[in-house]
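Visitor: Sequence:
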Amino acid sequence: MIAIFRDFRPWLLLLIQRRRRFLVGAFLIWITQMAGLALLGLSGWFITASALTGIALTLGIAAHLDVYVPGGGIRFFALTRTVARYIERLYNHNTVLTLLADLRYRVFGYLTQLDDARLHGERASDWLSRLTADIDTLDNFYLRILVPPFVALLGIMTVSLFVAIWLPSVAVLMAGTLGLLWLVVTLFAASWGFSQSYQQVVDQQSLRHLVVDQVQAAAELMSYQSAQWHREIIAGHEQQAYINQRRLGRKAALINSLVSAVSGLMVVAVLWLASLAFTQQLVTAPIVVMAVLIALG
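Taking the UniProt record's numbering, the leading residue of the sequence shown gets 1, the next gets one more, and so forth.
No lab work stands behind these hints: they were computed from the structure.
Misleading hints may appear alongside valid ones.
As the list claims (entries may be wrong) - If you anchor each label on the Cβ, the simulated ranges turn out as follows:
#  : residue 1 : residue 2 : range
1  : L90       : Q240      : 19 to 27 Å
2  : G179      : N256      : 16 to 24 Å
3  : L143      : S263      : 35 to 43 Å
4  : Q240      : L161      : 45 to 53 Å
5  : A78       : I55       : 23 to 31 Å
6  : R247      : F150      : 52 to 60 Å
7  : Q240      : V24       : 40 to 48 Å
8  : L13       : T112      : 13 to 21 Å
9  : V24       : G71       : 45 to 53 Å
10 : S226      : F194      : 33 to 41 Å
11 : P149      : R106      : 22 to 30 Å
12 : P10       : R89       : 22 to 30 Å
13 : L180      : A285      : 23 to 31 Å
The beta carbon of each residue, even a glycine, is placed where N, CA and C say it ideally should be.
Whenever a hint applies, use it, and build me the whole structure from the sequences.
Guide: Here's what the structure looks like:
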């Protein structure tokens, strides 16, 4: 793991220089996430409250429900989620493109300082990989690796504090379970799949070398009748890469299955604890439904 941070140190330094954009982008993602959860929870509360009010009126029990405030809240959260998502996409992708431009400028600046001996010491396919694929791959580091765990942790804290207003025991359960899943997805999954992920990068680089050599030395390979032999080498490396990718895919599937199973059990536990609070007349039925829907979200 220390090696990972060491390799990403130049990228992190660029990100620190633009930390304001990182914080604003994370805030926009958090707003989108919270608006979606609020829309889901408020909709569940409103539907349940409307149904119970209708049942009470049918039975001749006096009941009233203000439909304008929750209805307006639903529209507000729906519009907020849509607008925030649109702005977040534009802003974060602009941030990624800006960071990639900074990184390319730094890499090309470093290359201009190298002498001819150092430049010719690396294969052309190596420079091609570093200048194109490696840099372009870093856009996933910001949008899929760095920001989501930060926003997810902030979302767990926000949701737990909100649910704790009515159901403290449910909030503790959600915070503990979601916090454990956060650790599993971020730290355990990263360390467990590191070897296959690293091998995947090595396989891609090896295949790129072999394919470039196949194209550049096509005449020599054909003259020595070695083209078929070289293609078989490429096919062998490709097969090994597929095997490694399947191993990595199985590990990712196991992690996803574990997260889904634990999340489902958490929803059942939330429903049970909220139902106990309802039977003790500590909360109303719409609050129970809202808590369950938030747990599902």
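Visitor: Evaluate each hint against the coordinates.
Guide: Results for each hint:
Roughly 41 Å separates the CB atoms of L90 and Q240, a value that falls outside the hinted 19 to 27 Å. At about 18 Å, the CB distance of G179 to N256 agrees with the hint of 16 to 24 Å. Evaluation of the 35 to 43 Å hint for L143 and S263 yields a failure: the beta carbon distance comes to about 23 Å. In this structure, Q240 and L161 meet the distance hint of 45 to 53 Å, their C-beta atoms being roughly 49 Å apart.
The hinted range of 23 to 31 Å is satisfied by A78 and I55, whose Cβ atoms lie roughly 27 Å apart. Between R247 and F150, the C-beta spacing of about 29 Å breaks the proposed range 52 to 60 Å. For the hinted restraint 40 to 48 Å between Q240 and V24, the CB-CB distance of approximately 43 Å keeps it satisfied. In this structure the supplied range 13 to 21 Å holds for L13 paired with T112, their Cβ-Cβ distance being about 20 Å.
The hinted window of 45 to 53 Å between V24 and G71 is violated, with their beta carbons roughly 31 Å apart. Range check, S226 to F194: Cβ separation about 36 Å, and the 33 to 41 Å hint holds. Against the hinted window of 22 to 30 Å, the Cβ-Cβ separation of P149 and R106 comes to about 26 Å, which satisfies the hint. For P10 paired with R89, a C-beta distance near 26 Å keeps the hint of 22 to 30 Å intact.
In this structure the hint that L180 and A285 lie 23 to 31 Å apart at CB holds, the actual value being about 29 Å.
The structure fails hints 1, 3, 6 and 9 (numbered hints given earlier, in ascending order).
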